[in-house]
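Chemist: Taking full-length UniProt numbering, the leading residue of the sequence shown gets 1, the next gets one more, and so forth.
By construction, these hints were calculated from the structure, which means they are not laboratory data.
Check the hints yourself; a few may be wrong.
Below, in silico cross-link-like pairs of lysine to aspartate or glutamate (EDC-like), each with a Cα-Cα straight-line distance of 20 Å or less [as the list claims (entries may be wrong)]: (1) LYS367 - ASP407; (2) LYS648 - GLU467; (3) LYS131 - ASP156; (4) LYS445 - ASP397; (5) LYS433 - ASP407; (6) LYS130 - GLU199; (7) LYS509 - GLU492; (8) LYS458 - ASP411; (9) LYS130 - GLU105; (10) LYS131 - GLU113; (11) LYS131 - GLU61.
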Amino acid sequence: MTTSAHTRPLGDPAMLARAAWESVRKLNPRHQVQNPVMFTVFIGAVATTLLLAQALFGRGEAPAWFIGAVSVWLWFTVLFANFAEAMAEGRGKAQADELRKTRREVIAKRILEPQPDAAVEAVAAASLRKKDFVLVEAGDVVPADGEVVLGVASVDESAITGESAPVIRESGGDRSSVTGGTRVLSDWLIVRVTADPGETFLDRMIAMVEGAKRQKTPNEIALNILLAALTIVFVLACATLLPFSHYAVQASGAGSVVTITVLVALLVCLIPTTIGGLLSAIGIAGMDRMIQANVIAVSGRAVEAAGDVDVLLLDKTGTITFGNRQASAFYTAPGVAVEALADAAQLASLADETPEGRSIVVLAKEKYNLRGRPVQELGATFIPFSAQTRMSGVDLDGRRIRKGAADAIRDYVQALGGEFSPVVRSRVDLIAKQGGTPLAVCDGKSVLGVVELKDVVKGGIRERFAELRRMGIKTVMITGDNPLTAAAIAAEAGVDDFLAEATPEAKLKLIREYQTGGRLVAMTGDGSNDAPALAQADVAVAMNSGTQAAKEAGNMVDLDSNPTKLLEIVEIGKQLLMTRGALTTFSIANDVSKYFAIIPAAFAGTYPVLARLNIMRLATPESAILSAVIFNALIIIALIPLALRGVKYRPVAASALLRRNLLIYGLGGLIVPFVGIKFIDLALVALNLA
Numbered sequence: 001m002t003t004s005a006h007t008r009p010l011g012d013p014a015m016l017a018r019a020a021w022e023s024v025r026k027l028n029p030r031h032q033v034q035n036p037v038m039f040t041v042f043i044g045a046v047a048t049t050l051l052l053a054q055a056l057f058g059r060g061e062a063p064a065w066f067i068g069a070v071s072v073w074l075w076f077t078v079l080f081a082n083f084a085e086a087m088a089e090g091r092g093k094a095q096a097d098e099l100r101k102t103r104r105e106v107i108a109k110r111i112l113e114p115q116p117d118a119a120v121e122a123v124a125a126a127s128l129r130k131k132d133f134v135l136v137e138a139g140d141v142v143p144a145d146g147e148v149v150l151g152v153a154s155v156d157e158s159a160i161t162g163e164s165a166p167v168i169r170e171s172g173g174d175r176s177s178v179t180g181g182t183r184v185l186s187d188w189l190i191v192r193v194t195a196d197p198g199e200t201f202l203d204r205m206i207a208m209v210e211g212a213k214r215q216k217t218p219n220e221i222a223l224n225i226l227l228a229a230l231t232i233v234f235v236l237a238c239a240t241l242l243p244f245s246h247y248a249v250q251a252s253g254a255g256s257v258v259t260i261t262v263l264v265a266l267l268v269c270l271i272p273t274t275i276g277g278l279l280s281a282i283g284i285a286g287m288d289r290m291i292q293a294n295v296i297a298v299s300g301r302a303v304e305a306a307g308d309v310d311v312l313l314l315d316k317t318g319t320i321t322f323g324n325r326q327a328s329a330f331y332t333a334p335g336v337a338v339e340a341l342a343d344a345a346q347l348a349s350l351a352d353e354t355p356e357g358r359s360i361v362v363l364a365k366e367k368y369n370l371r372g373r374p375v376q377e378l379g380a381t382f383i384p385f386s387a388q389t390r391m392s393g394v395d396l397d398g399r400r401i402r403k404g405a406a407d408a409i410r411d412y413v414q415a416l417g418g419e420f421s422p423v424v425r426s427r428v429d430l431i432a433k434q435g436g437t438p439l440a441v442c443d444g445k446s447v448l449g450v451v452e453l454k455d456v457v458k459g460g461i462r463e464r465f466a467e468l469r470r471m472g473i474k475t476v477m478i479t480g481d482n483p484l485t486a487a488a489i490a491a492e493a494g495v496d497d498f499l500a501e502a503t504p505e506a507k508l509k510l511i512r513e514y515q516t517g518g519r520l521v522a523m524t525g526d527g528s529n530d531a532p533a534l535a536q537a538d539v540a541v542a543m544n545s546g547t548q549a550a551k552e553a554g555n556m557v558d559l560d561s562n563p564t565k566l567l568e569i570v571e572i573g574k575q576l577l578m579t580r581g582a583l584t585t586f587s588i589a590n591d592v593s594k595y596f597a598i599i600p601a602a603f604a605g606t607y608p609v610l611a612r613l614n615i616m617r618l619a620t621p622e623s624a625i626l627s628a629v630i631f632n633a634l635i636i637i638a639l640i641p642l643a644l645r646g647v648k649y650r651p652v653a654a655s656a657l658l659r660r661n662l663l664i665y666g667l668g669g670l671i672v673p674f675v676g677i678k679f680i681d682l683a684l685v686a687l688n689l690a
C-alpha cells in the first residue's frame with residue numbers, strides 16, 4: 001500500500017473535484033432509490049422544481065422566489081449527501097488507482113511439472129489458470145497468486161504491503177503464499193497458481209477499496225429500515241396536513257391554506273436527513289480506515305462485526321510475547337557470585353549475534369552494570385555455536401568459558417574432570433518445566449550457573465488488555481505451551497483466560513463454545529491448521545505471509561502480517577459503531593429544534609396561537625422555513641469530516657459510551673440547530689432575502 005494513498009488529506013483538490021462530479025452523477029434516480037430518506041428529499045426537490053415552473057407562469061401557490069429558494073436548497077441537500085458518500089469513496093478510488101499502477105503485463109514461465117529442469121513455455125500472465133505451475137526466478141515478477149511448491153527465495157512485497165524489507169517465501173510451511181505483482185529478488189520458486197484472472201488478491205483489493213462490492217451490514221440495514229419507517233410516518237403525517245388545513249380554514253373562515261412547498265419543506269426537516277445523508281459515508285469510511293491500517297476486509301460486515309466482538313483469541317507468540325527468547329535471569333551454582341556468572345555469560349555472548357546472545361549482553365549490563373567490551377581489543381578466540389557441539393564461548397587469558405545446552409555443558413565439564421552441580425541440574429529442570437530455555441555456563445571444568453531464556457511479554461500489552469476488559473471484551477491466550485507455563489504467561493500478560501497445548505481441533509471447539517453462548521469471536525491465524533478456526537470465527541484475520549488456505553478462510557487479511565493488529569482492528573470496528581451511533585443521536589435530536597422553527601411558520605396563519613411556539617423569534621414565516629431548510633442542508637456538509645475521520649475512540653463500557661453520546665451529541669443536537677437557524681434567519685433578513 002502506498003503512503004500517498006494512506007495520507008491523502010480531506011481537502012485534496014483532486015479528490016474534492018472528483019467528489020463534486022460524482023455527487024452530480026449520483027443524482028440518477030436508480031442510485032437515489034437505494035437510500036429511502038434521501039430519495040424522499042429527491043422527490044421533494046423534483047416536486048418543488050415543478051411548482052417553481054408553474055409559479056413562473058403566474059399560477060404559483062406561493063411567490064416564485066420562495067418556491068425557487070426552497071427547491072434550490074432541497075437539491076443542495078441531496079447533492080451534499082451524495083458529496084459525503086463520494087468523498088468517502090474518493091479515498092478508496094485514489095488507493096485503487098495507486099494499486100492499478102502496480103499492475104503490468106507480465107510474461108510467465110509456465111511449466112508442466114513442478115521440476116526445476118522442466119521445459120519452460122513463455123505465456124501471458126492473463127492466460128494462467130488455477131493449478132498451473134510457473135517458474136519464477138530472481139528479478140522476475142510473480143505473475144499470479146499462488147503457493148510455493150518448490151524452492152526458497154527472497155521476495156519484495158512492497159508493491160502490496162508498502163514494507164520495503166524483503167521476506168522469505170518457501171515451500172512446505174506457513175510462509176508459502178505468494179501474491180501476484182510482487183518480485184523475486186534472489187534464487188527461484190516454483191509456484192502453483194491458486195487464482196484465475198479477475199480473482200487475484202490484487203483484484204480483490206481494488207474492488208474492496210473502491211467500494212464496488214460493499215454490502216450493507218446487518219446493523220446498517222436495521223438502521224435503514226428504522227429511518228425508512230420514520231420517513232413513511234412523517235410522509236403520511238404531512239400528507240394529511242393539507243386536507244386538514246383546507247378544513248380548518250373553511251371552518252374558521254380565516255387564515256390561509258398551507259402550501260405544498262411548505263409541506264415539502266416541513267417533511268424534509270422532520271425526517272432524519274442528517275444521518276440518512278451520512279450513513280453510507282460512515283460505512284465506507286470505516287472500511288477506508290481499515291485499509292489505512294493495511295488490512296483488507298472482505299466486506300463492511302466484517303468491519304462492523306469487529307466492533308461487536310466480545311471475545312478475542314490471541315496467539316501467545318508474536319502477539320502477547322515477542323516471539324524471540326530473551327535472557328530474563330541468572331541462577332548461580334553454589335559458591336559462585338552472580339556477578340561472576342553474568343560476566344562470564346556476557347563474555348561468551350559478545351560475538352553472538354543471535355537475539356538470545358544479544359539479550360544476555362543487555363541483561364548483564366542492565367542488572368550488574370557490566371559494560372560490553374570491544375570484541376577486537378580482547379584478543380580472545382571466540383568459539384561459534386554449532387549444531388554438533390550445541391554450545392559457544394570464548395577462550396580468553398587461559399579461561400575457557402562456554403555457554404549452551406545443559407547436557408552439552410555437562411558433557412564438556414565432565415570431560416575436563418569436573419562435576420555438574422545437582423543444584424544447577426535442578427534449576428535446569430525447573431526452568432524447562434516452566435516453559436523457559438536453560439543455558440548452562442561454565443569456566444573450564446567449573447559450572448558457574450544457568451541463564452534463563454524465556455519469551456518476554458510485550459510492554460504495554462497488559463494495559464491494552466485492561467482497556468479491552470473495560471469495554472466488556474474477554475481476551476483468551478492460545479498457546480502450545482504446557483498449562484503451567486501458559487498460566488504463568490497469562491497471569492503476567494493480564495489475559496482473562498488461556499488455552500494451553502492448543503490443537504486445531506481445540507481452537508475450533510473453543511470458538512464454537514463461545515458462539516453457542518451468544519458471543520462474537522475474533523482471532524488471527526496464518527497456517528493451514530488455523531483455517532478451520534478462522535472459517536468458524538466471526539472476525540478472522542489471516543496474515544498475508546500465511547498460507548492460501550488461511551487467507552481464503554479469513555474475512556480479513558493483514559498485509560503487515562502483524563498478529564497484534566487484531567487489537568487495532570477491534571478499535572476501528574468500535575469506532576465505526578461509535579460514529580454511527582453518535583451521528584444518529586445528533587440527527588434525531590436536531591430535528592426537535594426544526595419543529596420549533598417550521599411548524600409555527602407553516603400553521604400560524606391558520607392557528608395564530610401557534611405563533612407562541614416561535615421561541616427563536618424568527619423574522620417571517622418565509623425566513624423561518626428557509627432557515628430550517630438551509631440549516632438542514634449545511635449540517636450535512638459540516639459533519640462530513642466527522643463522518644469520515646470517525647468519532648475519537650475511547651476504551652469505555654457501552655453504558656458509559658451511551659451516556660457520553662447522549663450528553664455530547666444528544667444535547668449538542670438540540671442546541672446547535674437553534675443557534676444555526678437563528679443565525680441564518682438574521683443573515684437572510686440582513687440581506688433582504690426574506
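Chemist: If a hint holds in the structure, say so; if it doesn't, say that too.
Modeler: Consistency of the hints with the structure:
Only pairs whose Cα atoms come within 20 Å are accepted, and LYS367 paired with ASP407 is rejected, the gap being roughly 27 Å. Annotation: proposed proximity of LYS648 to GLU467 holds, straight-line Cα distance about 15 Å (limit 20 Å). The hinted pair formed by LYS131 and ASP156 fails the criterion: a straight-line CA distance of about 23 Å is larger than 20 Å. Between LYS445 and ASP397, the direct Cα distance comes to roughly 16 Å. Compliance with the 20 Å bound is thereby established for this hinted pair.
For the proposed pair LYS433 and ASP407, the alpha carbon gap of about 16 Å is at most 20 Å, so the pair holds. Among the hinted pairs, LYS130 with GLU199 is consistent with the structure: their alpha-carbon atoms are about 10 Å apart, no more than 20 Å. As the CA atoms of LYS509 and GLU492 are separated by approximately 26 Å, the hinted pair breaks the 20 Å bound. For the given pair, LYS458 sits about 36 Å from ASP411 by alpha-carbon distance, which is inconsistent with the 20 Å threshold.
This hinted pair checks out: LYS130 and GLU105 have alpha carbons roughly 19 Å apart, not beyond 20 Å. Taken as a hint, the LYS131 and GLU113 pair is honoured in the structure, with Cα atoms around 11 Å apart against an allowance of 20 Å. Taken as a hint, the LYS131 and GLU61 pair is broken in the structure, with Cα atoms around 71 Å apart against an allowance of 20 Å.
Consistency with the previously given hints fails for numbers 1, 3, 7, 8 and 11, ordered from lowest to highest.
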